[in-house]
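J.: These are the residues of each chain, in order.
Protein chains: 4
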Amino acid sequence: MPARLIESLSTTEPLAEVFSDDSVLRAMLDFEVALARAEANLKIIPASASQAIARAADSAAFDIAAIARETLRAGTPGIPLIKALRNRVAQEDSGAADFVHWGATSQDIADTALVLLLKKAAPILDADLAQLQNGLQALVAKHKDTVMLGRTLLQPATPVTLGLKAAGWLGAVGRGRARLNHAFSEALVLQLGGASGTLAALGKHGIKVGETVARQLSLSYPEAPWHTHRDRLANVVCACGILTGSLGKMARDISLLMQAEVGEVAEPGGSGRGGSSTMPQKRNPIGSTIALAAANRVPALTAAYLAQMIQEHERAVGGWQAEWTTISEVIQSTGVAIASMAEAAEGLTVNEKRMRANLKSTRGTIFAEKAALLLSQKLGRERAHQLLEQTTDPERLRDRTLSEVLSQMPEVRDCVSKEALRKLEDAGDYVGMARQFADRLVRSSPNQPPRRK
Amino acid sequence: MPARLIESLSTTEPLAEVFSDDSVLRAMLDFEVALARAEANLKIIPASASQAIARAADSAAFDIAAIARETLRAGTPGIPLIKALRNRVAQEDSGAADFVHWGATSQDIADTALVLLLKKAAPILDADLAQLQNGLQALVAKHKDTVMLGRTLLQPATPVTLGLKAAGWLGAVGRGRARLNHAFSEALVLQLGGASGTLAALGKHGIKVGETVARQLSLSYPEAPWHTHRDRLANVVCACGILTGSLGKMARDISLLMQAEVGEVAEPGGSGRGGSSTMPQKRNPIGSTIALAAANRVPALTAAYLAQMIQEHERAVGGWQAEWTTISEVIQSTGVAIASMAEAAEGLTVNEKRMRANLKSTRGTIFAEKAALLLSQKLGRERAHQLLEQTTDPERLRDRTLSEVLSQMPEVRDCVSKEALRKLEDAGDYVGMARQFADRLVRSSPNQPPRRK
Amino acid sequence: MPARLIESLSTTEPLAEVFSDDSVLRAMLDFEVALARAEANLKIIPASASQAIARAADSAAFDIAAIARETLRAGTPGIPLIKALRNRVAQEDSGAADFVHWGATSQDIADTALVLLLKKAAPILDADLAQLQNGLQALVAKHKDTVMLGRTLLQPATPVTLGLKAAGWLGAVGRGRARLNHAFSEALVLQLGGASGTLAALGKHGIKVGETVARQLSLSYPEAPWHTHRDRLANVVCACGILTGSLGKMARDISLLMQAEVGEVAEPGGSGRGGSSTMPQKRNPIGSTIALAAANRVPALTAAYLAQMIQEHERAVGGWQAEWTTISEVIQSTGVAIASMAEAAEGLTVNEKRMRANLKSTRGTIFAEKAALLLSQKLGRERAHQLLEQTTDPERLRDRTLSEVLSQMPEVRDCVSKEALRKLEDAGDYVGMARQFADRLVRSSPNQPPRRK
Amino acid sequence: MPARLIESLSTTEPLAEVFSDDSVLRAMLDFEVALARAEANLKIIPASASQAIARAADSAAFDIAAIARETLRAGTPGIPLIKALRNRVAQEDSGAADFVHWGATSQDIADTALVLLLKKAAPILDADLAQLQNGLQALVAKHKDTVMLGRTLLQPATPVTLGLKAAGWLGAVGRGRARLNHAFSEALVLQLGGASGTLAALGKHGIKVGETVARQLSLSYPEAPWHTHRDRLANVVCACGILTGSLGKMARDISLLMQAEVGEVAEPGGSGRGGSSTMPQKRNPIGSTIALAAANRVPALTAAYLAQMIQEHERAVGGWQAEWTTISEVIQSTGVAIASMAEAAEGLTVNEKRMRANLKSTRGTIFAEKAALLLSQKLGRERAHQLLEQTTDPERLRDRTLSEVLSQMPEVRDCVSKEALRKLEDAGDYVGMARQFADRLVRSSPNQPPRRK
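Residue numbers (the working numbering), protein chains in the order written: chain A, 1 to 453; chain B, 1 to 453; chain C, 1 to 453; chain D, 1 to 453.
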């Protein structure tokens with residue numbers, strides 16, 4: 001039995017529900033019922049068999065532990081499940097049992113079940129993405145002109161705005177959501193190929209049966225079975241990988257800004273959230289932590305999925321058999337990262353006072369570029385840079401600001417006006433296109449309403 | 001100096017050229033020239049400076065080894081390159097040197113150079129993909145009805161056609177090509193943000209300069225700089241990962257079919273291709289080998305790229321600095337896999353005789369499913385399965401075929417006609433929708449002409 | 001709730017038990033009980049408190065679902081578990097509740113619990129490794145002189161022996177077992193550092209408490225707490241990664257040899273093992289399939305673990321929080337691969353007849369190297385190679401063998417004796433050091449009795 | 001041609017030299033010369049041939065570009081190199097050409113060359129590791145009692161010492177160095193197996209030849225050839241992966257401590273080191289950046305190596321062919337990370353004043369645990385925690401410290417002495433076992449002198 005405790009940081013409740021034993025079992029049974037119904041419609045199997053199968057397909061009646069145990073010997077959950085289903089059908093209608101799984105292969109049921117689970121997971125992820133976008137849009141709108149320190153290689157740089165920073169997160173999330181939904185819509189296709197992917201056992205009716213099953217399960221019908229062509233699922237996995245990368249970036253930013261020494265933003269607290277077992281004063285960036293844990297894990301799982309795409313002939317020896325685990329983990333880890341960041345974005349506390357203080361504590365050195373532009377017009381770039389390397393030396397600066405030091409240098413006073421020197425350290429005056437870029441990013445990431453479930 | 005010998009199996013000549021020192025250098029210089037030109041157009045820097053910069057930007061004149069050496073201390077190739085360019089400009093026009101790289105940051109030049117290299121690589125990959133699709137389409141067309149053994153978990157299964165198998169490869173390649181080209185078109189955007197991504201040093205002209213530079217370099221202009229938002233490039237990397245996965249599957253299939261014991265297809269031979277240093281008789285599946293090597297490597301590189309997406313604030317500490325290596329390897333490995341498979345597909349020799357022989361050597365056991373369908377109509381599925389498990393036992397079968405054994409069993413003769421038993425082992429009669437599926441796959445993967453370079 | 005169905009191919013029952021909720025919970029409680037006991041021994045907390053804690057620490061009494069739920073908010077399972085334990089203790093002895101978890105931090109309990117789980121898993125893996133070595137040693141002993149085709153790049157090469165092949169597997173398994181056990185013994189250390197890893201809350205007794213707790217839990221006591229130094233666990237993960245790589249190689253070999261067209265070995269069959277839902281005749285290489293699935297997955301999980309080693313300061317933000325999942329999966333996947341290969345090795349059926357037939361079907365071309373050595377003594381290497389490239393051409397060879405063709409060439413007859421030509425295709429005569437190498441490998445991989453549990 | 005510019009951040013000069021074309025070529029030629037010499041000693045080939053081969057084996061005389069080009073068609077660099085060597089030998093002594101590469105296979109030369117490169121790389125890494133240990137030992141010695149803020153989840157925690165922090169890094173580096181050297185010593189073994197790993201072409205002399213070649217190349221002689229058993233090399237790769245993980249942790253810590261807002265340590269600056277193309281005031285944590293880039297990359301490359309361990313039979317189809325690239329990158333990335341951290345450790349500037357200021361700026365909240373211990377003795381843990389959650393609320397604290405607030409509460413004054421409250425915020429008084437743990441770590445990581453090259 002896998003441990004909920006072990007996986008508790010890698011999923012959310014709704015997603016754990018989607019990938020629960022009961023949900024898996026029901027998805028497999030849904031496939032068998034839809035298959036039988038389609039075959040009965042097309043007079044391939046008796047209508048009574050289809051009805052018996054539908055009646056027997058009650059997930060609560062199956063012994064999951066036994067099926068799991070036999071799976072390891074069979075190499076696929078399809079075989080023991082079908083056997084168990086046949087047994088149940090046979091109890092009621094022994095003739096009908098023969099028509100269980102008619103013409104299909106065990107990977108058909110496993111793959112279609114997986115796709116059905118993805119179909120349930122997609123709107124959950126999407127709703128949380130919509131909420132995250134909402135939270136970020138509000139943040140951008142509120143902080144369009146909130147100036148803060150830019151930071152490159154974790155060192156102070158020229159100022160930015162919180163609006164631009166949040167708009168950057170938003171842009172990536174918007175692109176990620178579009179990619180993910182596109183990948184889902186491409187991947188939500190039926191798997192039905194029979195023993196070797198030709199549906200030979202269904203004679204001339206193969207495609208017709210497939211189309212009917214797909215319709216019943218509200219899946220698309222692909223050009224052909226795809227037992228060993230996993231690129232569509234790989235694309236879903238990759239879209240998750242890219243998205244958690246973007247969420248990890250956002251989480252890293254927030255956790256850094258939330259350092260006590262920086263103190264510019266804080267994740268929401270609240271009962272049981274981010275506390276410590278020993279230190280009562282602690283308020284940990286728990287949403288960011290969870291998202292970063294996911295962003296550390298999903299790339300490797302993506303590699304696992306891509307590596308196992310090398311699948312032999314009509315059915316793989318090894319490449320396919322671990323897919324369920326990998327995909328279910330990727331979706332759940334991505335989901336917990338989205339949900340964590342949505343909660344963080346919505347509840348983010350901004351400390352503008354600390355932002356101003358942090359800007360000020362650089363003593364104007366971050367405006368060295370701005371000063372260099374001013375000075376180099378008269379002194380040339382080289383002399384200007386040289387001069388600024390000296391003046392921004394902390395030893396020399398001590399308690400003074402850059403403009404104070406500069407204004408005491410005759411060479412500088414000769415070429416730059418007092419007015420210009422006074423405005424040198426006005427951060428809001430030096431954020432360039434921050435507002436325009438933020439606007440452009442917001443416009444490019446419109447928040448679509450979440451997908452219907 | 002990196003060793004060509006070490007990387008010789010991981011690239012092709014045209015791609016090695018794209019990612020060569022000279023090409024990298026030229027891309028960086030192209031950025032600087034385009035930037036200066038745009039700024040001169042907008043009267044931000046003197047026209048004479050722009051011209052001096054253009055004249056100095058001759059890649060042959062730079063000491064690549066020195067720049068590489070200084071890169072390790074600077075943390076980015078942009079800094080030493082700009083310094084070297086300034087020195088060259090200064091030799092001619094000392095005033096102009098100040099205007100080199102005006103308003104930009106070192107990551108602007110590095111990222112844009114990378115994008116320019118991708119722009120050169122894209123049509124190379126695409127042309128080889130087109131060739132691969134051509135080769136596969138011809139294969140499908142020629143072998144629509146070439147029946148061969150299906151194989152699942154490396155064991156004989158019901159028959160398929162080579163046409164369907166090749167159409168499966170084709171479908172995956174077509175989808176992969178579409179994804180890759182879409183990813184490229186999304187990623188080929190200018191990087192220009194200045195120190196913190198606000199273009200503050202360019203005052204109000206920031207976006208105008210950017211749009212002009214982008215136009216000159218034939219790149220798109222993004223909503224905003226993307227120094228620490230790498231999802232578009234990640235999408236290119238992922239598209240490569242998925243594509244090499246599909247190529248690896250094709251290569252695995254070919255190398256398996258080419259085993260002497262199977263002997264159903266052979267890669268083209270030819271001078272120096274796939275020989276052995278010791279065994280004169282050898283003809284190795286060298287294209288598949290190269291493609292599999294790539295498919296073993298690219299997934300991990302994809303993970304490396306996704307993992308490093310967690311980039312701090314306005315410029316990363318570590319996440320960004322290894323990107324060039326990772327992306328250039330991903331593109332080159334993908335490229336060598338495509339080229340290898342294109343060559344293999346075009347020159348693939350098919351041995352239909354061996355295909356028939358391999359079908360036959362199963363002594364009809366692969367038609368057990370077909371027989372089961374026949375028998376279960378009268379005997380019920382359970383009895384039919386039981387009967388077939390016995391008859392397909394190799395000990396029992398010995399030199400006889402399944403139909404021979406069956407036709408000697410009274411229980412069978414009672415319920416199946418001689419005619420049906422005779423046709424039991426007609427493989428061509430049991431390929432279901434193979435032809436239709438192949439047709440659908442071909443129609444879904446139209447071969448677009450390659451992208452203009 | 002995670003689904004047993006989803007993970008059924010990625011674990012064994014005994015290992016799933018080790019990483020079950022109850023087992024995790026008990027390990028955490030064991031830590032708390034041992035801590036309290038040690039502190040009571042050292043008079044840091046009252047003996048009555050220690051006793052109350054021990055009494056309350058009954059795993060059956062805890063609501064695992066509730067703890068899992070709160071874990072997501074707390075960021076660690078330690079916090080809700082400690083809270084629940086305090087509540088239980090308080091019901092009996094409200095004063096004692098204060099002394100639960102005295103001086104420790106939540107990562108202390110989580111890490112030590114993980115180590116305790118590893119301590120339970122280690123002998124399970126080791127026993128299966130011993131069984132695997134036994135199986136392989138028997139195989140080597142029995143088939144020291146069983147000659148079979150060597151295969152390079154999946155093409156026929158000069159002959160080898162099955163003894164050497166199995167000894168190669170054995171050597172890798174032996175080295176892998178030694179590495180894994182060494183890694184475990186290094187990693188089975190207590191974690192106890194308190195809030196920041198200094199044990200400040202325990203005053204001067206810190207190390208003494210630690211040593212006592214370690215002794216009680218039969219763990220080693222490390223030089224210092226290792227909250228953000230994960231190299232010892234990384235080494236366990238890597239040892240698993242290397243070992244599954246070696247097992248994957250063995251599984252690949254077996255699955256290839258088991259192809260119907262090769263037919264040289266077969267995995268054991270048996271009820272429910274490796275059958276097909278549709279094809280009654282199938283006998284799939286199910287052990288190899290499971291091992292290959294693990295070998296496809298564990299490398300990526302290894303990367304996940306190594307990537308998350310970059311942990312901040314005294315406690316990580318994200319790097320640590322997904323470790324339980326990753327490690328528990330690595331151990332279980334490795335375990336199922338070992339068990340699968342142990343079963344395969346013990347029950348492997350060898351078909352020497354097919355081995356001889358496959359050797360023969362090369363028509364002597366695999367002895368081209370041998371012939372080249374013979375011929376080049378007289379004709380020079382170049383002429384010999386040229387000659388052999390011609391004669392090994394299948395077109396030319398047709399139904400004849402290499403020695404037949406050669407013996408008809410005057411140029412050859414002039415320089416090689418009839419006797420030598422006759423022995424040319426004697427495979428047993430051309431296996432070089434196969435037996436010696438196999439002996440050396442066996443001697444280097446002595447089968448230690450399994451670790452005591 | 002691979003670009004030095006692209007790889008400039010992923011290697012050091014000495015390691016780039018080791019893996020340069022000339023070095024690779026020389027290693028391959030060294031193998032051929034040693035092989036010929038051993039065979040001449042054992043009278044297998046003429047002494048004159050051995051001498052001719054030795055004379056021809058001048059790396060400068062080979063056309064590397066041509067060999068690289070042919071490698072792609074041959075699938076291995078061994079084949080074109082041997083051909084070129086034969087051509088050169090033939091020019092002088094046409095008979096001798098036949099004896100080039102006698103009895104060996106192309107993977108023998110490639111693998112042994114790789115091992116020879118590793119043998120050259122090992123002491124380079126080791127010398128830098130020794131330097132890194134020296135730097136860290138000095139840091140520990142100097143800062144045993146330098147108290148600083150502990151930080152968990154990037155939030156302030158109870159104090160630690162810089163000595164303990166640096167000792168933690170040292171411990172991990174020491175263990176990593178031991179693992180790496182052990183892995184190297186296990187992996188530095190000759191590869192010599194001939195066509196299928198039996199050395200059949202050498203008749204009875206196989207092992208004797210191998211032992212002689214190994215001795216000449218100062219390599220160990222393994223139990224048997226290991227063409228498709230790569231676990232020893234995998235262990236080297238993993239040891240690098242673990243070590244870069246530990247270095248990445250150290251680099252992350254340093255880059256975080258070097259943030260302007262924290263300001264507790266600084267990497268050494270110096271000409272061209274860590275500057276900015278635009279911001280003259282910048283001093284970037286360039287060593288940490290380079291190490292983090294490596295630590296982001298090496299885990300994925302480790303996964304690539306482990307994944308490709310699944311190698312077929314006697315020689316792999318794809319698994320082996322990309323190994324050179326992967327291993328050479330792993331070694332170089334690890335090397336640049338070690339060198340960067342060695343430089344950082346040696347030149348690290350420590351700002352004790354900022355450490356004290358940062359401790360103070362928490363206003364005593366980090367001593368909440370300490371206070372809780374004090375208070376709970378009288379008030380019980382629950383009341384104490386409750387009280388401290390209130391008092392550590394920043395809103396309530398404002399400009400006061402925790403002890404100031406507490407000392408104004410009658411409930412507190414009743415149970416804690418003034419003296420105890422006064423000492424509450426004495427950080428040096430609350431570092432527990434920091435010094436002892438640091439001492440233990442130092443003792444466990446003795447700095448061995450570097451390996452002889």
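For the record, the hints were derived by calculation from the structure and aren't laboratory data.
Glycine included, every Cβ here is placed at the ideal spot set by N, Cα and C.
Treat the hints with care, since some could be wrong.
In silico contact screen, one side only, chain B against chain D (beta carbon under 8 Å); selected entries [claimed, not checked]:
no.: 1; residue: Arg4
no.: 2; residue: Val24
no.: 3; residue: Ala178
no.: 4; residue: Glu211
no.: 5; residue: Thr212
J.: Decide, hint by hint, whether the structure agrees.
T.: Right, here's what the structure says about each hint:
Hint status for B:Arg4 relative to chain D: holds, with the closest Cβ pair at about 4 Å, below 8 Å. Because the smallest distance between the Cβ of B:Val24 and any Cβ of chain D comes to about 5 Å, under 8 Å, the interface hint for this residue holds. Annotation: B:Ala178 was flagged as interfacial toward chain D, and the flag is violated, the nearest CB pair being 26 Å apart, outside 8 Å. Among the interface hints, the one on B:Glu211 is violated; its C-beta lies about 21 Å from the nearest C-beta in chain D, farther than the 8 Å criterion.
Nearest Cβ of chain D to the Cβ of B:Thr212: about 20 Å, over the 8 Å cut. The hint is violated.
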